[in-house]
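S.K.: Residue numbers (this note's numbering), protein chains in the order written: chain A, 1 to 318; chain B, 1001 to 1339.
It is worth saying that the hints were derived from the structure and are not from the lab. All figures in this text were calculated on a predicted structure; none of them were measured in a lab. One thing to keep in mind: the hints can contain errors.
With beta-carbon atoms standing in for the labels, derived distance ranges [unchecked claim]:
{"#": "1", "chain 1": "A", "residue 1": "P102", "chain 2": "B", "residue 2": "M1297", "range": "38 to 48 Å"}
{"#": "2", "chain 1": "A", "residue 1": "M104", "chain 2": "B", "residue 2": "K1285", "range": "32 to 42 Å"}
{"#": "3", "chain 1": "B", "residue 1": "T1107", "chain 2": "A", "residue 2": "G71", "range": "50 to 60 Å"}
{"#": "4", "chain 1": "B", "residue 1": "K1082", "chain 2": "A", "residue 2": "L315", "range": "54 to 64 Å"}
{"#": "5", "chain 1": "B", "residue 1": "K1131", "chain 2": "A", "residue 2": "P289", "range": "45 to 55 Å"}
{"#": "6", "chain 1": "A", "residue 1": "D95", "chain 2": "B", "residue 2": "D1279", "range": "22 to 32 Å"}
{"#": "7", "chain 1": "A", "residue 1": "S76", "chain 2": "B", "residue 2": "G1275", "range": "27 to 37 Å"}
{"#": "8", "chain 1": "A", "residue 1": "K301", "chain 2": "B", "residue 2": "H1154", "range": "28 to 38 Å"}
{"#": "9", "chain 1": "B", "residue 1": "M1297", "chain 2": "A", "residue 2": "S45", "range": "37 to 47 Å"}
{"#": "10", "chain 1": "A", "residue 1": "S30", "chain 2": "B", "residue 2": "M1101", "range": "31 to 41 Å"}
{"#": "11", "chain 1": "B", "residue 1": "K1082", "chain 2": "A", "residue 2": "P140", "range": "52 to 62 Å"}
{"#": "12", "chain 1": "A", "residue 1": "P289", "chain 2": "B", "residue 2": "Y1152", "range": "26 to 36 Å"}
Note that CB positions come from ideal geometry on N, CA and C, so glycine has one too.
Okay, here's what each chain looks like letter by letter:
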Amino acid sequence: MTETIIQVEGIKKHFRLNKEQTVKSVDDISISIRKGETFGLVGESGSGKSTLGKTIVGLQDPTAGKILYNGKDVSSLTKQEKKDANREIQIIFQDPQASLNPRMRVGDIVAEGIDAHGLAKGKRREERVYQLLERVGLRPEHAKRYPHEFSGGQRQRIGIARALAVEPSFIVADEPISALDVSIQAQVVNLLEDLKKQEDLTYLFIAHDLGMVKHISDRIGVMYLGRMMELADSDALFADPLHPYTQALLTAIPVADPQAKRRERIVINGDPPSPVDPPSGCRFRTRCPFAMDICAEVTPKWTEVKQNHWASCHLYQQ
Amino acid sequence: MDHLLEVNHLEVNFKTYGGEVKAVRDVSFHVDKGEIMAIVGESGSGKSVTVQTIMGLIPMPPGKINNGEALLHGQDLLKLTKKRMQKVKGSKLSMVFQDPMTSLNPTMKVGKQIEESITTHQRIGKTEVKKRAMEMIRLVGISNPEERYNQYPHEFSGGMRQRIMIAIALACRPELLIADEPTTALDVTIQAQVLDLMKDLKEKMNTSIILITHDLGVVAETAERVAVMYAGVIVESGTVEEIFSNPRHPYTWGLLESIPDVNSEKKERLIPIEGSPPDLFSPPKGCPFAPRCKYAMDVCVEAMPPGFEAEEGHQAKCWLNDPRTPDVEDLIAAGREEY
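All chains should be modelled from the sequences, with the hints used to inform the complete structure.
M.R.: Structural data, given as structure tokens:
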């Protein structure tokens, strides 16, 4: 059994809108991420995947539940331990335009973490920045420039260099390629894969592009309206999706091959319901072609249907 | 057969403080009756500017049409006065935009917005208009139109709003619908619904569609013909089957290679196109893709390749297709194999 780096136990993150209404963005999710793997998290907008990622990094406090980092509850760490954890867990954001301070030089953006954690000073800090820029495929002289002088793909490289600067062991990549052009996406994905090998990293890779998620991930979790619907090895998930939502999601991906034999598309009608007032029982039941009476009454249990292949659906419960 | 729309040698520039941007360069294509033609390209490739020019939506200045014509039934749209263009837009030409939230009026009932698009162009009675609006709402797959008619855009989800946009665009039964990234802002399951709807409406109403997208998957599943744009130039065009099975331009190879294959079992390393697109303030003298092209020759930097006909209706602007290029078939075969 491989070591677990991040364990999420019954995490909930609710946002209160007003006296009566709460958005249950993440509702009772438990996953464990193994050391050295890439865990893919997919789901449509509003499914809570980014909220889960931000909660794991510690940018938001969970409403309920625990996050264990290397077996220790992050909420009960000492100050020094907390600082170390903050250094080791990093995040890369979706929009490289919005996540880089336009008034800071690239070198200072990359070195911000180094300064905050006091990892290097003066000449050594400078050398470290140059080294990092080269690692992500930029040039040392870029340190003197400002973010607006770079293209989208290059800016994302700067964001990656910033995350790497503090020698993390776990990185949450929150839709790192969604804002990039197709030909640039492959460059960034390759870079992330290379860095993972060289630096012994573990990734939580959040995206809505299922093709890329399959390519990069070892295991994939599928979220819908704040709940985990299915979790499996990435090949198993694509070859044998169990949950009707996963099935619909997979058949909806347009395939770039006109001769490809279409999988029979499982059409789901309608739109996702509002997370303010999610359906009772199974959250997917309002759009599910196989919905039964029980789906409205009982929330399906999280069950290991096949080995290492989990789903929460009444179709697979005795 | 005469084409419904024929665009010839279109050239559009923009004047900016930094100089003149050559956004669209010598673009020619056509659309036939009842077909879906896709224009695919990355951001800044000029695909949106091309169709917005045809629709007369580019402000001049800073925009400037240097050359070219856009013939709809033989009538040049680029030379029409504003008033006449307005007439054409109602009856023959219509457009759907990427972001349905910013293109709908938030203070107006959606039913009224559909009616507006009809009454602006046609003189018909109140009850008749309302009937037509209801019919459109039903046609784009929205249930209980009576109730929906009286709702405001914020009461609709993203996918529903895009359906309303399509209803507005099709209310006057245009012959040509231009859809500029209609599904980019939508989730995959909703995207599948909207694409199915567009295909379905094309069959029912025999509308021709120009579909602008950056997603080759969407092209393969929806369109019949496709033009690939890069740095303001159509580098390759042909039927979808031809472009995907027998691509003749290295940029098309690169695009096809750089997307992971969902159906493959093994994990192969992705093959990206290295580098980034050229600066359109001073586009290169030769082929715009040459600086990123693995197969670039001396001639590529020096001269813009003409369109070489590979097959009937399949053109590629790449010197590799020149019969004088040695070993061209080997290279092209290799490029095909790599994909």
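S.K.: 22 to 32 Å was suggested as the range; check whether the CB atoms of A:D95 and B:D1279 agree with it.
M.R.: 23 Å, holds
S.K.: With respect to the beta-carbon atoms only, verify the hint that A:S30 and B:M1101 lie 31 to 41 Å apart.
M.R.: 35 Å, holds
S.K.: May I ask you to test the hint 45 to 55 Å on the CB atoms belonging to B:K1131 and A:P289?
M.R.: Roughly 33 Å apart at Cβ, these two residues miss the hinted range, so it is violated.
S.K.: Looking only at beta-carbon atoms, does the pair A:P102, B:M1297 fall within the given range of 38 to 48 Å?
M.R.: 41 Å, holds
S.K.: Starting from the hint 26 to 36 Å, judge whether the C-beta atoms of A:P289 and B:Y1152 obey it.
M.R.: 31 Å, holds
S.K.: Is 32 to 42 Å a correct range for the gap between the Cβ atoms of A:M104 and B:K1285?
M.R.: 37 Å, holds
S.K.: Against the range 50 to 60 Å, how does the distance between the Cβ atoms of B:T1107 and A:G71 compare: consistent or not?
M.R.: 56 Å, holds
S.K.: The hint says 27 to 37 Å between A:S76 and B:G1275; measuring C-beta to C-beta, is that right?
M.R.: 49 Å, violated
S.K.: Is 54 to 64 Å respected by the C-beta to C-beta distance linking B:K1082 and A:L315?
M.R.: 59 Å, holds
S.K.: Quick check on a hinted range of 52 to 62 Å for B:K1082 and A:P140, using CB atoms only.
M.R.: 54 Å, holds
S.K.: Would you say the C-beta atoms of B:M1297 and A:S45 sit inside 37 to 47 Å of each other?
M.R.: 46 Å, holds
S.K.: Does the Cβ-Cβ separation between A:K301 and B:H1154 fall within 28 to 38 Å?
M.R.: Holds, at about 37 Å.
Violation of the numbered hints given earlier is confined to hints 5, 7; the remaining hints are satisfied by the structure.
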